[in-house]
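In order, the protein sequence lines correspond to chains A and B.
One point on numbering: in my numbering, the residue at position 180 of the first sequence is 180, and numbering is uninterrupted.
One point on numbering: in my numbering, the residue at position 50 of the second sequence is 1050, and numbering is uninterrupted.
It is possible that part of the hints are untrue.
Unchecked claim - Restraint-style ranges between C-beta atoms, simulated for each label pair:
no. : chain 1 : residue 1 : chain 2 : residue 2 : range
1   : A       : VAL206    : B       : GLU1020   : 50 to 58 Å
2   : B       : ASP1205   : A       : GLY248    : 33 to 41 Å
3   : B       : GLY1134   : A       : PRO138    : 55 to 63 Å
4   : A       : GLU209    : B       : ASP1106   : 35 to 43 Å
Stated by the list, open to error - Below, simulated DSBU-like cross-link-like pairs (lysine-lysine); rule was C-alpha separation at most 35 Å, straight line:
no. : chain 1 : residue 1 : chain 2 : residue 2
5   : A       : LYS193    : A       : LYS170
6   : A       : LYS275    : B       : LYS1284
7   : B       : LYS1275   : A       : LYS335
8   : A       : LYS335    : A       : LYS197
In short, the hints are calculated from the structure, not lab data.
Ideal Cβ placement from N, Cα and C applies to all residues, glycine included.
Number of protein chains: 2
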Amino acid sequence: MLCAYRTGMRAVRLHEIDRERGPQNFRVEQVDDPAPGPGETLVKIARAAFNRRDVFISQGLYPGIQLPCIPGSDGLGTVAAHGEGAQGPAVGTRVVIDPTLGWGPDQRIWLRTAQVIGMPHQGTFAEYIAVPSGNVHPAPASLTDDEAAAIPLAGVTAYRALVSRGGCTKDDVVLIPGVGSGVQTFVLLFAKKIGAKVIVTSSSDVKLERAKSMGADVAINYKTSEKWEKDVQAVDGGPSLVVDSAGGDTFFKAVNVTRYGGRVVVYGGTLGDAKLRPFSLFWKQLDIMGSSMGSPRDFAEMLAQFDGSIKPAVDKVYAMDEVVAAAEAVDKGAKFGKVLLAIT
Amino acid sequence: MLCAYRTGMRAVRLHEIDRERGPQNFRVEQVDDPAPGPGETLVKIARAAFNRRDVFISQGLYPGIQLPCIPGSDGLGTVAAHGEGAQGPAVGTRVVIDPTLGWGPDQRIWLRTAQVIGMPHQGTFAEYIAVPSGNVHPAPASLTDDEAAAIPLAGVTAYRALVSRGGCTKDDVVLIPGVGSGVQTFVLLFAKKIGAKVIVTSSSDVKLERAKSMGADVAINYKTSEKWEKDVQAVDGGPSLVVDSAGGDTFFKAVNVTRYGGRVVVYGGTLGDAKLRPFSLFWKQLDIMGSSMGSPRDFAEMLAQFDGSIKPAVDKVYAMDEVVAAAEAVDKGAKFGKVLLAIT
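The whole structure should be built from the sequences, with the hints applied where relevant.
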């Protein structure tokens, strides 16, 4: 066992959480190495990626928080060792980690006992992590370490929302409100790979330009265009598929602009409760679908998309000791694509 | 042609509409007979049924009202004649009429040009009606005239919502809020025929008893039970499928009580706008589906359910000259099942 002759590892930990200080609660510390249990694979992490979930935990805005914890759901690294009976990729293989533990047998819905790694299960903001071998997948050969590390939670969330739940095809016109977030950049990537027409919105012209460089067909600034709903509906009669993580007024307007027979997939609600007009829903015979994370099948299908034709959007790589600055960048949302941590 | 030696027919007409007087605007008058055009079948109506839509039209609460009009979407009668090239059931056959005109080829969504008979197309509150032959179906042999007349619009709306959209199976626990309406009684009928477990709610113990006599497994009075949501969730962990026509607070609570991975189908919104909490939607990975009327395939599949094992709920049969009283009964909702008109 690798762990036998090591003396510990560096890891980001949270000992306290509060709404105000939030990201400032992250600290880099020396902790004990994990040891791979039966059926587990030990991965030496090289890059981790931030998700909004990590920031929510630091702010106390997540259910069932256990402290201290090592956050982080996304990791890229190399296989360091296998526990008893583990059947993961060979030691030394470059891998990414499926962040969902114990999804269960039903593609439609996770077990109530399912978890995302990074609290309470140890996360990827550490030099080593032990996870079930089935969660360890060879990293796409076409991608750099940074690009591959950006994928896991955002990629699977986007893929499930857009494809497994939304059923996106090349004939769809897809609306992506608020294109800057990590997940929404993956929605854009996958929608363009499928061949759909994509409309993106943002309050930032910089983000809209980035989205256009990634293939967005129509980019609309909802701050400077007073009637962005009309602009959206002017594109082929409006979207047939919306992928939304805002809720609130954005969701209400998204339902209004969606075409007859269209679908609206929701995987988040940063703006909170939304108004729903029953008439819009039943008269246009819409489908409104909730989506969270993804099943092991979703993850494998998602990873297979990275066949050399597409690359994840990476905003910036921070050193491990800059974890507070990285978390603040995620919190403020002034970014495009994923925020990474170099684990050393 | 039958029409050649007739001198006219009795029909219910609306010349004026207003919010206040609503149902009092219906009048019985002598009007010209319709003549079946090419591809049309003329039906002599014996029984018509009321839908809320007819009352909404009388109150001016429907888009694109054209006056004067003969309302009525549901009719049972006998084939009187065929227009040129029409291929309907033989003259004399007892038939019901599919109320949807021009649905189009897509099962998922109607054409924007689709209509429901009974404004602007002449409705069934008249001695004769000419409709496309494809809309004329032999009435189920096991049903009386009253029972068969109760079926069309409410039956197809219920069937599409529960089965075509909701995908109801015998393994579902179906919640039917507000079980008294015509459509909801059909949802109950079909759900029990499929073998699902059914929970109904109402503010009326009389309606709850009627629903139990039709097979409802659990009946909850939401006025007298302070925590009806908890009562509903106590049944096998809550509904896997909800069929709602209320919207408003009922919809919000229905989403709250729905099981992980469940579906909520909405075909109406009598209580108006609803609040939707994104977290409930995405965390439980719900499907919320809008449904309206039904396609020709929905109608044919629905009609085939009446194989002798189930019977529609009929509230009362009114004489044609009692049309105002019938409309007022529909408006007040103090009924269980369909309100019929005997056409003479």
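Against the structure, the hints come out as follows:
1. VAL206(A) - GLU1020(B): 50 to 58 Å: 56 Å, holds
2. ASP1205(B) - GLY248(A): 33 to 41 Å: 40 Å, holds
3. GLY1134(B) - PRO138(A): 55 to 63 Å: 57 Å Cβ-Cβ, so the 55 to 63 Å window holds.
4. GLU209(A) - ASP1106(B): 35 to 43 Å: Since the Cβ atoms of GLU209(A) and ASP1106(B) sit about 37 Å apart, the hinted range of 35 to 43 Å holds.
5. LYS193(A) - LYS170(A): 9 Å, holds
6. LYS275(A) - LYS1284(B): The given pair, whose Cα atoms are some 19 Å apart, holds under the 35 Å limit.
7. LYS1275(B) - LYS335(A): Roughly 31 Å between the alpha carbons, so the hint for LYS1275(B) and LYS335(A) holds.
8. LYS335(A) - LYS197(A): 24 Å, holds
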